[in-house]
Every structure is written in structure tokens, then in C-alpha cells.
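Kindly produce the complete structure, drawing on both the sequences and the hints.
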Amino acid sequence: MGWQSYNLDQAAHELVIAYRDRSEALNQAHKMRMTVAFGLERFWGEHLRLNREKDKAKSDYWKATWNKLVEIMLQAGVEIPNDDVSSGETAAIKTMADKLWSFPIEQRKVALAVLTQLCDCMVWWTQRYKPANENNSGGDKDE
Numbered sequence: 000m001g002w003q004s005y006n007l008d009q010a011a012h013e014l015v016i017a018y019r020d021r022s023e024a025l026n027q028a029h030k031m032r033m034t035v036a037f038g039l040e041r042f043w044g045e046h047l048r049l050n051r052e053k054d055k056a057k058s059d060y061w062k063a064t065w066n067k068l069v070e071i072m073l074q075a076g077v078e079i080p081n082d083d084v085s086s087g088e089t090a091a092i093k094t095m096a097d098k099l100w101s102f103p104i105e106q107r108k109v110a111l112a113v114l115t116q117l118c119d120c121m122v123w124w125t126q127r128y129k130p131a132n133e134n135n136s137g138g139d140k141d142e
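Just so we're aligned, residue 0 is where the sequence shown starts under numbering that gives the first Met the number 0, counting upward by one.
Simulated from the structure, these hints should not be mistaken for lab results.
Any given hint might turn out to be false.
[What the hints assert, rightly or not] Below, in silico cross-link-like pairs of lysine to any residue (SDA-like), each with a Cα-Cα straight-line distance of 20 Å or less:
id: 1; residue 1: K30; residue 2: D8
id: 2; residue 1: K53; residue 2: L7
id: 3; residue 1: K98; residue 2: D8
id: 4; residue 1: K62; residue 2: L7
id: 5; residue 1: K30; residue 2: K62
id: 6; residue 1: K30; residue 2: L111
id: 7; residue 1: K93; residue 2: P103
id: 8; residue 1: K98; residue 2: E78
id: 9; residue 1: K62; residue 2: A91
id: 10; residue 1: K62; residue 2: R51
id: 11; residue 1: K98; residue 2: I71
id: 12; residue 1: K93; residue 2: F37
So this is what it looks like as C-alpha cells:
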């Protein structure tokens, strides 16, 4: 079997571009990368935690990233649970979390590796495309 990149860098680029101009959403790529270490369940659930009026763009970015992971893994023949759940549906949240916790360990490891790489790519693109302002300047014009 040959190497298949599944265009992770391109997928990350598309996500970053789509959320570049949405208030505070772009900074979420770093948080996403850190959250991968805690598992698929916690990564998936973060969009629900952020699903408030002031954090809507952040929530949408997390959900779009999750949906992209699901899409990429489907290309690899791995179907990750992805129920349509809103933050007010406690029973549906539990059902979805249970599905992720019972997800086969080998597929879970692969999905986490792919999610890690996707988030790494998103962090890289975020650093290149972050809009310039006086608060994120490191002092050098080329940063």
C-alpha cells in the first residue's frame, strides 16, 4: 500500500482561510492542537462548550475542523461517529460521547494521528495568515 497524504495541508489551509476574518476564531488552532492529546471525545465536545453567542465563530471553527477530520477519515475507510448534536441535548451528547469512547482503538489511534497532523498544519497556516495588528507583533516586521 502506498503513501496517501489525504491533502491534510490543503484541508488545513482551507479551514484557516475560511475562519481568518472571524472574530477570535483563528486563535483556536493552537487550542485544538493541544486538545488532541485529550482524545476524540473532548475534541468533538469543544464545539458544544463554545456554542454561545459570543463564541459562535469559535464553535463553528471547531465543528468545521471535526467535520473535516470525519471527511478525511472516510476517504481512508474509517467512519468516525458524527451525530448532529446541539448543546442543549444532554441525551444526544451522551450517546455521541459513548460512540466515540467505544470507537475501535486501532481506528482511534489513526484518527488521532491524522487530527494531530491536521491541527499542526492549521497552526502553521494560522501563523502565516494571522491578520496584523499591534497586539500580535513580536517586534520584527517579518514575523
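Fill in: Agreement of K93 and F37 with the hint, judged by alpha carbon distance not exceeding 20 Å
holds, 17 Å
Practice prompt. Sort out whether A91 lies within 20 Å of K62, counting only the CA atoms.
Written response: holds, 16 Å
Worksheet item: Has the given pair, K53 with L7, been kept, meaning a C-alpha gap of at most 20 Å?
Response: Given that 20 Å is the threshold and the Cα spacing comes to 29 Å, the pair is violated.
Worksheet entry | Hinted pair K62 and L7, Cα distance within 20 Å | holds, 17 Å
Worksheet entry | Restraint status (C-alpha distance of K98 to I71 at most 20 Å) | Holds, at roughly 19 Å.
Worksheet item: Does P103 lie within 20 Å of K93 when you go C-alpha to C-alpha?
Response: holds, 18 Å
Worksheet entry | Pairwise hint evaluation, E78 against K98, where the allowed Cα distance is 20 Å at most | The given pair, whose Cα atoms are some 11 Å apart, holds under the 20 Å limit.
Worksheet item: Do the alpha carbons of K62 and R51 lie within 20 Å of each other, as the hint requires?
Response: Roughly 13 Å between the alpha carbons, so the hint for K62 and R51 holds.
Worksheet item: Can the restraint linking K30 and K62 be considered satisfied, given a maximum Cα separation of 20 Å?
Response: holds, 14 Å
Discussion item. Hint check: K30 vs D8, CA-CA at most 20 Å. Holds or violated?
Written reply: The given pair, whose Cα atoms are some 18 Å apart, holds under the 20 Å limit.
Item to complete: With a cut-off of 20 Å on the C-alpha distance, tell me whether K30 and L111 pass.
Response: holds, 15 Å
Worksheet item: Under the criterion that the straight-line Cα-Cα distance not exceed 20 Å, is the pair K98, D8 satisfied?
Response: Between K98 and D8 the Cα gap is close to 28 Å, so the pair fails against 20 Å, i.e. violated.
Checked against the numbered hints above, the structure violates hints 2, 3; every other hint is satisfied.
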